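Next come the chains, spelled out residue by residue.
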Amino acid sequence: MATITEECLRNIEAIIVNKKRILQRREDLFSYSFDASFGTHLPELVLQPISTDEVVGVVKLANLYKIPLYPRGRGTSLSGGPLPVNGGIVLDFSLWKDKLIIDPDDSIAVVSPGVLTADINAKANEFGFMYPPDPSSAHVSTIGGNLAENSGGPRGLKYGVTKDYVIGLEVVTPEGEIIRTGGRTIKNVTGYDLTKLIVGSEGTLGIITEAILKLIPKPIATKTALVLFDDLVDSGHAISRILSSGILPSKMEIMDQACIIAVEEYKPLGLPTDVEAILLIELDGHPYSIEEEMKKVKSTCLAVGAREVIVAENDEEANELWKARKLVSPAIVKIKPTKISEDATVPRSKIPDMFKKLKEIKETHDINLVVFGHAGDGNLHPNIIADQRDTEEMKRVELAVEEIFKAAIELGGTLSGEHGIGIMKSPFMEMELGTKGLEMMKRIKMAWDPNNILNPGKVFPEPGQRLVLHNG
Amino acid sequence: MDKQTILLDKLAYNETVNCVQCGYCLPSCPTYATFGKETHSPRGRINLVKMAAEGRISLDDLAGPMDVCLGCRACEPACPTNVQYGKILESAIDVLTEQRRRKQSLKEKAMKKLIFDYMIPNKNVLHFIGSGLQLYQTLKIDDFSRKIGFTNILPEPMRQFEKITPKVNVKKRKHSAIQPDTSPRFRIGFFVGCIMDTFFKRINDLSMKLLAAAGCEVVLIAEQTCCGALHHHSGEKEKAISLAKHNIEAFEKYQFDYVVNSIGGCGAAMVEYHLLFDEADRWYPRAELFSDKCKDISFILDQLELPFKMEIQKTVTYQPSCHLKNVQKVEKEPVRLIEKIPGISYIPHKNMNMCCGSAGIYNIVHFEESMEILNLKMENISKIKPEIIITTNPGCHLQMLLGVEREGLRDEIRAVHLVELLAEACDIS
Ligand SMILES: Cc1cc2nc3c(=O)[nH]c(=O)nc-3n(C[C@H](O)[C@H](O)[C@H](O)COP(=O)(O)OP(=O)(O)OC[C@H]3O[C@@H](n4cnc5c(N)ncnc54)[C@H](O)[C@@H]3O)c2cc1C
Ligand code: SF4
Ligand code: SF4
Chain A
1 MATITEECLR
11 NIEAIIVNKK
21 RILQRREDLF
31 SYSFDASFGT
41 HLPELVLQPI
51 STDEVVGVVK
61 LANLYKIPLY
71 PRGRGTSLSG
81 GPLPVNGGIV
91 LDFSLWKDKL
101 IIDPDDSIAV
111 VSPGVLTADI
121 NAKANEFGFM
131 YPPDPSSAHV
141 STIGGNLAEN
151 SGGPRGLKYG
161 VTKDYVIGLE
171 VVTPEGEIIR
181 TGGRTIKNVT
191 GYDLTKLIVG
201 SEGTLGIITE
211 AILKLIPKPI
221 ATKTALVLFD
231 DLVDSGHAIS
241 RILSSGILPS
251 KMEIMDQACI
261 IAVEEYKPLG
271 LPTDVEAILL
281 IELDGHPYSI
291 EEEMKKVKST
301 CLAVGAREVI
311 VAENDEEANE
321 LWKARKLVSP
331 AIVKIKPTKI
341 SEDATVPRSK
351 IPDMFKKLKE
361 IKETHDINLV
371 VFGHAGDGNL
381 HPNIIADQRD
391 TEEMKRVELA
401 VEEIFKAAIE
411 LGGTLSGEHG
421 IGIMKSPFME
431 MELGTKGLEM
441 MKRIKMAWDP
451 NNILNPGKVF
461 PEPGQRLVLH
471 NG
Chain B
1 MDKQTILLDK
11 LAYNETVNCV
21 QCGYCLPSCP
31 TYATFGKETH
41 SPRGRINLVK
51 MAAEGRISLD
61 DLAGPMDVCL
71 GCRACEPACP
81 TNVQYGKILE
91 SAIDVLTEQR
101 RRKQSLKEKA
111 MKKLIFDYMI
121 PNKNVLHFIG
131 SGLQLYQTLK
141 IDDFSRKIGF
151 TNILPEPMRQ
161 FEKITPKVNV
171 KKRKHSAIQP
181 DTSPRFRIGF
191 FVGCIMDTFF
201 KRINDLSMKL
211 LAAAGCEVVL
221 IAEQTCCGAL
231 HHHSGEKEKA
241 ISLAKHNIEA
251 FEKYQFDYVV
261 NSIGGCGAAM
271 VEYHLLFDEA
281 DRWYPRAELF
291 SDKCKDISFI
301 LDQLELPFKM
311 EIQKTVTYQP
321 SCHLKNVQKV
331 EKEPVRLIEK
341 IPGISYIPHK
351 NMNMCCGSAG
361 IYNIVHFEES
371 MEILNLKMEN
381 ISKIKPEIII
391 TTNPGCHLQM
401 LLGVEREGLR
411 DEIRAVHLVE
421 LLAEACDIS
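So the sequence lines, in the order shown, correspond to chains A and B. Heads up: the first sequence runs through residues 1 to 472, numbered per UniProt numbering. Heads up: the second sequence runs through residues 1 to 429, numbered per UniProt numbering.
Careful: at least some of the hints might be erroneous.
To be verified - In the EDC-like style, the derived pairs of lysine to aspartate or glutamate whose C-alpha atoms are separated by at most 16 Å in a straight line are:
(1) B:K383 / B:E412
(2) B:K3 / B:E98
(3) A:K20 / B:E372
(4) A:K356 / A:E276
(5) A:K20 / B:E369
(6) B:K350 / A:D119
(7) A:K362 / A:E398
(8) A:K214 / A:D103
(9) B:K245 / B:D278
(10) A:K20 / B:E368
(11) A:K406 / A:E360
(12) A:K295 / A:E276
Hints listed in this document are in silico derivations from the structure and should not be mistaken for laboratory results. All of these numbers come straight from a predicted model, not from anything done at the bench.
Chain B on its own, in the form it takes in the complex:
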């Protein structure tokens, strides 16, 4: 096969042909809203992938617009003809990563390997970095980034992130199970996630307690690992597959009704595990079974009674996690839960469904673009003057903290995970 035929094969060309270029997805796309160019719209990107597959533009022409895509997939539910943008994006990232890999220097390769193969899936390392981060808050951050060779991407973002990075709890948890008082409604395997469990360990703990308070048996198994989402979105598909297999195997051994998590992004990766495999692959049905069981905590709590004890007299708004809404299709459940909290006054903000610009590690790699998107979001949020912004994903959570900090609203607005607020109202700590 010549080079072009290979490209035609590797890029999701057939999916691009399904796009009728109606433009119905334009209003849903945060990068289109922010940059105002068709080049940064879903329709534009799909066309560019098509053009690359047909050999009319080069991969270098394609790279910029695809890199700036948040992968939030808000364009999918907006599409009247069901174009599978996720697949198109993924195929483009795979092809681009492969091309870059060929061009990468040895040092860059080593760095990437270090991050994706070793650091992210490894909790101990993350713990180390986590506790380190606290330290670096007092040190000169430039110094740190120069040392680890990140100077090209990190300084400015790090300086800003440093302000909002939550206190890291490095204490290890005993892996165990929590039993409810009555006979359990569901038997739940809890998924902690690696970044979440480093930066927001408390939220995981509260999640498990809430589930138990709502009548579930909650089991924490030690065999679980990273969901692989960041790898997948960065074109490290092989690694993503191996992590997926690991998790599928780990949870299969137990008879859980559901595998529950409180992380919009990880949950989205897991409900799509089967898509990592060919339909003929023997892993496909196993992955599908696992994916069916993976649920966001709001999906479960929405079906159960929560023992509310306190009133929370606050005005709140909700920033939906894109991956929770667009991929896991969990949209109404978090809002219903918020509205159930005694005393709460919930106000949706304009364009609430639009991504906050966090998107995995987007806000680090594309700092400037991400901040432009965040500004748009904060403008809409500030208008309704909430006291609390509720999120459902650690990435969004950090981004909201950053937004509040940048607007100088630190004393007026709090950013919390939905689970934290529910726990507060149930007097769980």
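So that you can see chain A by itself, here it is in the shape it has in the complex:
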């Protein structure tokens, strides 16, 4: 492990002049040793930069002294993205939120890396626009983190994910140079698309210091329905039928029976616990057209065997219907405290098969597994509920998670739809990408970051690395 010498620290103090943004006390280091996944990894130092110049200075120093750098937004990553696994310096960008400019004429937003994603959307709304990517963590996660993880949310079905809304970036390269990618225009084919390369690179190829985001007009109205299914397979059919009938809902979320039971036991909403699945569907657009579309959605669901379709008459009723989905998280942790949230994704048509697989995995490994998530785009969230203090159980969970990844890939899907690879999923990269595929990615990393300074230990597996799900 590299150590930060006195001399190095003095150089840092010349770059980050305000000492309040240089954290070295033990309680501070421990406070940046975790994210929303697993593990405690102590950094040697935490810095809170608020300008590109500070970043450039620190990155150059890090190259000189060979100190690993770990960019961090608000530490809500579910895959270990910001964990300082090799010690070194954590760069906390949460204070850097001075720029949030909406330019209605170009329909873009220009933002600093530490701005909260929900704040961008709220500000865009004031101008009649929206910033569509809506990870459920949008009110606590930073745009920098979202860009690095290429985050998505329920609206991804209709509007796409973070990468579909980034048109330009300012990036500090792993060697400390400033580059600009893309620009303020939607169309841009000048050279390689480095913007897209940086988005989703999980802080391993560059530090994002500013982003230009595309905005779209905000839909006038929304309409929500809650659909009950006696048979899970029918819900899968309903999804495909709706999507092939010319309707593109803004959200399509599914909850399985285990979720419904957990919610009812936690806060009874009067949901029937004998159905196998609940589908929540939201349409957005002009009030007249969504009225018509909703009729079609209703008849389609009933035609494939839905037990009941409840359509909200107003926003208040819609909020009531969404409550069921919102209560899933608090409800399931009542069963056991540790939640392992996976996001393996399969092609839409394979959703029923994936559900079958998950049921088998649950039974073979005797684990608590519930499934909810973004059904419309195949991004299911199988969540395993366990107790991390029970090492025997956690071993079973680790095996189950491995099988979930395998199942998703076998069905033509992917390891991660939105949470990223980090350290959690790196052991499985080769399984999905093949040796050559992974090697091409490594070559990119080596070309960009010859000293392996930025976020080392992530995305690419260390030899012999396995999935570990416990804190230690």
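Starting from the known structure of chain A, arrange chain B with the ligands on it as the hints suggest.
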């Protein structure tokens, strides 16, 4: 048991394990917003308590971040997985206090004993200090604090507080009952609170009159004592328990529908009295019964008709008491009451749910931190240019007065307790 096992047992370790570190509580935390460090966030503190329980950091490492926590508990309603932060904080404070007690000098011990065992629960002493405070407004305050041995914490805060300390009414009240004109809707035992009844006695009087005007029978019993909140939050749990027992016993003797108070902080301590006891303890069910009856005045008035007589043509904003909102879960009632006042124009300020930094005696012990938090609050309040800031707790009330004073807005903005404004609109004085 070795030292570490004892610590694991005493700290609320199991509660810390329930935290999934999602960070959903971060935006609600005033110290995180102010200091911008994970170390001063709920998630950070929970992790530090966990690390201390596992022996990975020392209690000295833990002390700073826990001391700076306001205990406002805004992080609890924000948590999607219901982590019991209150319990975690309390366990940490207990452990830290015990450690400090061992290290404390005899003089410090005596001082603490004087404050918590004698001064706060004792109205006469508080009255004395209260009337004294007026006197000290004309004297050199440094002199005073040096004399009572507070020099390390008091001078600067005292100088600022001195400006805003309300006139103290030292006249004693006859303990009695007020009957409404019609047959009473509720029979109410009124809880006055010790600090409240010293500095804001008038608000207690107005509260009782308002309750009566709304059709309640209001009884003031002499046997009541301090709620024990300050003791509890300072790790003096034994004393807190004995005060709780005293109050439970005192009010049990009467057949009240509710025990009502106008003090967000005291009310919060009382609705959680049962948590002071083990579930198997015979005091637990008694405490629970008492806690169920304890209500904030806004909860009661919200259900009744108030005889409004005057229009108040003012722009107002509301600074919710954290303990009223996050612990007593009384959030909508005060706002509904404000909106009922004829003529009023109510505007919520940005981040209104964020603590003002008063938090018990936080603003005295952590003066600088508290002022940074207050600055953030005043920035949001000043933006909407209210003529009146409404509060529901004496601590917040004083802090708002201080905020207004520090911003130089004394002539433009008034800070009042909700009860004062309601009374004004009902022409009660
Ligand atoms: C309860 C919960 C719900 C969630 N829901 C969703 C969801 O619906 N959809 C979804 O996609 N994700 C979700 N997530 C995951 C997580 O919120 C996202 O991955 C988010 O983008 C992380 O943002 P952050 O600011 O917390 O970044 P961090 O977690 O701090 O960091 C994430 C990654 O970004 C890198 N990084 C951060 N800032 C920069 C920068 N300026 N330049 C370069 N790299 C940087 C870090 O090194 C790290 O690799 C959820 C998480 C939780 C806890
Ligand atoms: S009690 Fe208040 S100050 Fe303390 S962690 Fe919770 S929100 Fe922050
Ligand atoms: S919101 Fe709850 S679970 Fe999430 S970090 Fe805060 S305390 Fe932990």
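Going down the list of hints, with the structure as the test:
no.: 1; hint: B:K383 / B:E412; verdict: holds, 13 Å
no.: 2; hint: B:K3 / B:E98; verdict: holds, 13 Å
no.: 3; hint: A:K20 / B:E372; verdict: holds, 14 Å
no.: 4; hint: A:K356 / A:E276; verdict: holds, 12 Å
no.: 5; hint: A:K20 / B:E369; verdict: holds, 14 Å
no.: 6; hint: B:K350 / A:D119; verdict: holds, 14 Å
no.: 7; hint: A:K362 / A:E398; verdict: holds, 12 Å
no.: 8; hint: A:K214 / A:D103; verdict: holds, 10 Å
no.: 9; hint: B:K245 / B:D278; verdict: holds, 14 Å
no.: 10; hint: A:K20 / B:E368; verdict: holds, 15 Å
no.: 11; hint: A:K406 / A:E360; verdict: holds, 13 Å
no.: 12; hint: A:K295 / A:E276; verdict: violated, 23 Å
The earlier numbered hint that this structure contradicts is number 12, and it is the only one.
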